[in-house]
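Colleague: Between the sequences and the hints, there should be enough to build the whole structure, so can you do that?
Reminder that position 83 of the sequence shown reads as 83 in the working numbering, one-by-one numbering, no gaps.
For the record, the hints were derived by calculation from the structure and aren't laboratory data. Wrong hints could be hidden among the right ones.
[Unchecked claim] Okay, derived cross-link-like pairs now, DSBU-like style, lysine-lysine, Cα gap no bigger than 35 Å in a straight line:
id : residue 1 : residue 2
1  : K127      : K158
2  : K173      : K104
3  : K50       : K81
4  : K52       : K81
5  : K70       : K60
6  : K113      : K173
7  : K115      : K104
8  : K113      : K127
9  : K158      : K182
10 : K158      : K113
11 : K81       : K158
12 : K182      : K60
13 : K74       : K60
14 : K173      : K143
15 : K109      : K182
16 : K81       : K143
17 : K70       : K29
[What the hints assert, rightly or not] Quick list of the computed label-pair ranges, beta carbon to beta carbon:
id : residue 1 : residue 2 : range
18 : Q17       : S117      : 49 to 59 Å
19 : K50       : D121      : 46 to 56 Å
20 : V44       : H198      : 39 to 49 Å
21 : E56       : N166      : 29 to 39 Å
No residue lacks a Cβ here, since even glycine has one placed at the ideal position from N, Cα and C.
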Amino acid sequence: IDEKTYGKTDERTDIYQLGLIFYELLTGKLPYEGLTPASILSKVINPNIKPKLPSEYNAKYAKYDRIFRKLLAKRKEDRFKNVDEFLESLNTVVNMDAERTRLKETLKKSVEKMKKSFSVDEYLRLKREAVESLTRLAILNAKLDDKVELIKVLSDIKFYTREYLNDLINMTKYIELLMREKAPISDEIIGRLEILLHKICKENM
1 IDEKTYGKTD ERTDIYQLGL IFYELLTGKL PYEGLTPASI LSKVINPNIK PKLPSEYNAK
61 YAKYDRIFRK LLAKRKEDRF KNVDEFLESL NTVVNMDAER TRLKETLKKS VEKMKKSFSV
121 DEYLRLKREA VESLTRLAIL NAKLDDKVEL IKVLSDIKFY TREYLNDLIN MTKYIELLMR
181 EKAPISDEII GRLEILLHKI CKENM
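Modeller: This is the structure we're talking about:
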């Protein structure tokens, strides 16, 4: 490959190789396939051809999409700088996913107690807890780029807001658009989502 176009090999080249191995282990497929080595190489160097995201093989792999966008980036400058940075990102995903699992269990218990509660004060307290869990779940799903789970949570949050319902619906539609276009949830959108959900939490205080 022309060094003038793609630069000299360095640690970020190794990151790409690591991405190829990790991708195949996770999906059982290679990022690029073709009948001949030449056809595969043509896809690798074509900036307009990108590999399928893991979530396109299995929705539960959506949490890894953001990582693979960096592992298999065409431009070295867009990849992880080194293995340590990759491992740190992977560890963050694992921790967020574990927290997401705990929040789902907490939310389930809060909703079950709400259904059985005969006390207004207790019901309102449990409702606040449910909203807090839902908002935290939504943010985690956004940071994990898990659009399917995020849309589900936003749909549940609709029942806890009147004042910001239209804003929530518009946000949901935008996430659906990103999903159709296979585009990542940007930090800007996560920030806007955090502000919106904070307002909904205050509405339920």
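Colleague: So, for every hint listed, does it hold in this structure?
Modeller: Structure-based check of each hint:
Taking the CA atoms of K127 and K158, the gap is near 13 Å; set against the 35 Å cutoff, the hint holds. Restraint check for K173 and K104: satisfied, since their Cα atoms lie roughly 23 Å apart, inside the 35 Å limit. Only pairs whose Cα atoms come within 35 Å are accepted, and K50 paired with K81 is accepted, the gap being roughly 20 Å. In summary, the hint linking K52 to K81 is supported, as the alpha carbons are separated by about 23 Å, within the 35 Å threshold.
Using a Cα cut-off of 35 Å, the hinted pair K70 and K60 holds, with the two alpha carbons roughly 19 Å apart. In summary, the hint linking K113 to K173 is supported, as the alpha carbons are separated by about 31 Å, within the 35 Å threshold. With a C-alpha separation of about 17 Å, the suggested pairing of K115 with K104 holds against the 35 Å cut-off. Taken as a hint, the K113 and K127 pair is honoured in the structure, with Cα atoms around 10 Å apart against an allowance of 35 Å.
Straight-line distance between C-alpha atoms of K158 and K182 comes to about 25 Å, which keeps the hinted pair within the 35 Å bound. Among the hinted pairs, K158 with K113 is consistent with the structure: their alpha-carbon atoms are about 20 Å apart, no more than 35 Å. Restraint check for K81 and K158: not satisfied, since their Cα atoms lie roughly 40 Å apart, outside the 35 Å limit. Proximity of K182 to K60 is assessed by CA-CA distance (about 15 Å); at most 35 Å being required, the pair is judged to hold.
The straight-line distance between the Cα atoms of K74 and K60 is roughly 25 Å, inside the 35 Å bound, and the hint therefore holds. With a CA separation close to 18 Å, the supplied pair K173 and K143 stays within the 35 Å bound. This hinted pair checks out: K109 and K182 have alpha carbons roughly 34 Å apart, not beyond 35 Å. Simply put, K81 and K143 have alpha-carbon atoms about 20 Å apart, close enough for the 35 Å limit, and the pair holds.
Distance check on the hinted pair: K70 and K29 sit about 18 Å apart at the alpha-carbon level, within 35 Å; holds. Between Q17 and S117 the CB atoms are about 56 Å apart, so this pair conforms to the stated range of 49 to 59 Å. The hint said 46 to 56 Å for the Cβ distance between K50 and D121, and at roughly 53 Å that hint holds. Against the hinted window of 39 to 49 Å, the Cβ-Cβ separation of V44 and H198 comes to about 43 Å, which satisfies the hint.
The supplied range of 29 to 39 Å is met by E56 and N166, whose beta-carbon atoms lie about 31 Å from each other.
Violated hint: 11 only; the structure is consistent with all others.
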